[in-house]
Each structure stands twice: as structure tokens, then as C-alpha cells.
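Peer 1: Given next are the chains, with one letter for each unit.
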Amino acid sequence: AQSVTQPDIHITVSEGASLELRCNYSYGATPYLFWYVQSPGQGLQLLLKYFSGDTLVQGIKGFEAEFKRSQSSFNLRKPSVHWSDAAEYFCGQGDSNTGKLIFGQGTTLQVKP
Amino acid sequence: KAGVTQTPRYLIKTRGQQVTLSCSPISGHRSVSWYQQTPGQGLQFLFEYFSETQRNKGNFPGRFSGRQFSNSRSEMNVSTLELGDSALYLCASSLFEGGTDTQYFGPGTRLTVL
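Here the protein sequences line up with chains A and B, keeping their order. Numbered continuously in our numbering, the first sequence closes out at residue 155. Numbered continuously in our numbering, the second sequence closes out at residue 113.
Don't take each hint at face value.
Unchecked claim - Pulled a few chain A residues facing chain B out of the computed Cβ check, cut under 7 Å: (1) Tyr74; (2) Gln84; (3) Gly85; (4) Leu86; (5) Phe93; (6) Gly136; (7) Thr140; (8) Lys142; (9) Leu143; (10) Phe145; (11) Gln147.
As the list claims (entries may be wrong) - So the derived label-pair ranges between C-beta atoms look like this: (12) A:Gly83 - B:Ser50: 24 to 34 Å; (13) B:Gly39 - A:Ile53: 18 to 28 Å; (14) A:Ile53 - B:Ile11: 27 to 37 Å; (15) A:Gly104 - B:Leu82: 36 to 46 Å.
What the hints assert, rightly or not - Partial list, derived from the structure: chain B residues whose beta carbon lies under 10 Å from chain A: (16) Glu96; (17) Asp100; (18) Gln102.
None of these hints come from the bench; they were simulated from the model. A virtual CB, placed ideally from N, CA and C, is assigned to each residue, including glycine.
The following block holds chain A by itself, in its conformation from the complex (with noise of 0.2 Å):
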């Protein structure tokens, strides 16, 4: 069964070092992958998402993310995290013959000043 694993529960980075977040998806020729954010009390948005192509994408609010096919990987970075950043990050894909999205089970970020 399709599976997206986040490794990291929590993670804590200080304000303007770098970030990275980790994500693993298990299954698809071609995946369909998407990050989003969730801030306490919200719903998620949307930061970025792969479907083929430039495996380096660029999403909203300074974030990026490269997709690494034969490492399975899809892992979220940003040069200089800001404490508006602080909440919390899920790993999706999209299910091909669904459509339904499997999320991780995501990844809390923690930004100290």
C-alpha cells in the first residue's frame, strides 16, 4: 500500500539558519507529491507540488523542494527560516488512480529566536 513517511516529529532550527525536512514516499512510477503547512488551528495550505519535470520546485514563502527518484525522496528546505514559520509541515501524495491524498504524518517545526 501506498505510504509517506516523515521522519522527523519535531524539529527545532533557530531564526535565519536553514531547513530541511524530510520526506519519503514509497510507491509510483510517477508521483504526484505535495507539501503543505498547517498553522495551529488552520487548515492546510498548499506550498508547493511535483508532477514531472525540473525535479527542483519552488513553492510559496522562500520554501523549495527537490524530488530524488531513487532515493524516494521529497525533501522541503528553506535557506533562512523566519518564526513566522513555526507550525505544522505534511508530505502528501496523490494517489493516481484516486485522487485522494496519503499525508505523512507530519513534521513539527519549533523556531527559536
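The hints should help you fit chain B onto chain A, whose structure is shown.
Peer 2: Frame of chain A, contents of chain B only:
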């Protein structure tokens, strides 16, 4: 364009009651999906509607049901509420592009069952 709207934002019910949640998709989006989010289980897919038809269904009991209207608005209903149904219920409307759906989420309805 206005985003996905969900009403109500908060609900408190007691065990055994039923509840109906509403979702209005982004204008032009014809697909609506529902997800349940809990601390223990994370984000789980409930069902998806497209053109008033349930197209996909997750692994939830029959107490969870939904429907979609001709204007693409959707409702989900949970009957005979249980304590474990306390969750954030998220609705997403979809745009098909690049070979799959891109889902845009609403703010959610926080359901508390006492």
C-alpha cells in the same frame, strides 16, 4: 477567488447525536474531498465527490456519509456520534492539472464529542 469555506468552524455535540458539516469549494472546482485529522491517526481520507457522485471512499464506518449538490457544495454527516469522532474535519476542493488533482483545503470544522 475565494477559498474553500467550511461551516460551522466549531461544534460541540454529545454521544449518540448526529452532525452535518458543510463545505463550499473554490468556484469552478467540481471535486470535493473530506479528511479527518486527529492527533493519533493523523490525516485520513474520508471520501471524495465529483459531479454529485461519490467517486472514492476511505476506510470509515457507514456512520460517515456525504453528498454533493449541483453547485458543487458538499455536506458530510456523522450519525450516532462517538467520542472518537472528535477531530478536525477538513474539506478540500480540487483542480485537475498535470495528471492529478491538486487539493486546496478549507480551514476545517473542529468537532468535539462529549
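Peer 1: Which of the listed hints are broken here?
Peer 2: none
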